[in-house]
Amino acid sequence: MKIVCYGVRSNETAYFEKLNKYNFDLKLVPEFLTHENVNEAEGMDAVLVRGNCVCDRQNLQKFHDFGIKYMFTRSVGVNHIDLVAAKDLDLLVARVPNYSPFAVAELALSLGMNLYRHLNVDIVRTTSGNFKVLPDVFSGEIHNATVGIVGTGRIGATEAKLYKGLGAKVLGYDPYPSEYAKQYVEFTDLDNLLSQSDIVSVHVPYFPGQNDNLINADFLSKMKASGILINTARGELADTKAIISAIKNDDIQSYGADVTMDESNIMGHEFSSLSDVPNQDVRELVGLYPKVLITPHVGSFTEPALEDMISISFDNFHETVETGTNKNIVTK
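If you read the sequence shown in numbering that gives the first Met the number 0, its first letter stands for residue 0, the second for the next number, and so on.
Hints are not guaranteed to be accurate.
[To be verified] Result set (PhoX-like, lysine-lysine): computed pairs, CA atoms no more than 20 Å apart in a straight line:
1) Lys160 - Lys181
2) Lys290 - Lys240
3) Lys131 - Lys160
Simulated from the structure, these hints should not be mistaken for lab results.
Start from the sequences and build out the full structure, keeping to the hints where you can.
Given below as structure tokens:
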């Protein structure tokens, strides 16, 4: 089977080669899938994409015209894929249902701890030659803090476990609380979690048209003025304008995120300056540094997570070729 893999970073090539136990004929393309490079798939049997690849009807039609039947993603989320178009064009789409939960959980904790101890402010000052200890970086200690986890699936529960290990009180909100999460989380309603938590970390899956802008002005108004908000889930869950307003008005202390709106036009790109970022709200949000910390969607950029994503994707292809289907197909 010939598979074209889009968005393969230079350090990932060796892992694709090492984990290719089925001896697929791989074509590794460093860039995300776009309208300009879709023809890289011509002559291939299958396509493997990642989040932020442009998987709209135009590109899926191209794959169909090339005779491709399988377009899989090595991500958990599939909101970058036009699933209606995929079904119309008889393209099978499969995903990776999970990967190392520590990857995103550790990043979320790192962002939260950085902001809680004001390292963001300290580092800005020392790099400009200011080594004074000023009152605005006075902080509490995490073992006395309350952390709220919104969404306690595998990643959220793992972050709860990490914070619990540091001695924090951990509150959780989830419509479907798991027995695993109950080991680390005291479940409560969302309003109470927001009002009591020093750090609120969101790990909610994104369902287009259902929970867009979950993090809105009302959500933010229920947080402490000293509260820290972390979003390593999806940019679409957050009303960027509302977060900007909350930061500027000191309604919350700070915001850390590994995601933004309009990611396909931002993440994976290098701009000459912040002013060249094509989304005005994202520009303004990033410009609120150091009260706002934005990382370039690196949550899953760890060795264990990468190995999981590649291995499961290859298993998906192999099982589909052998049986005509696999348990991770989302376009049945």
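Going down the list of hints, with the structure as the test:
In summary, the hint linking Lys160 to Lys181 is supported, as the alpha carbons are separated by about 10 Å, within the 20 Å threshold. With a CA separation close to 15 Å, the supplied pair Lys290 and Lys240 stays within the 20 Å bound. As the CA atoms of Lys131 and Lys160 are separated by approximately 35 Å, the hinted pair breaks the 20 Å bound.
Checked against the numbered hints listed earlier, the structure breaks hint 3 alone; every other hint is satisfied.
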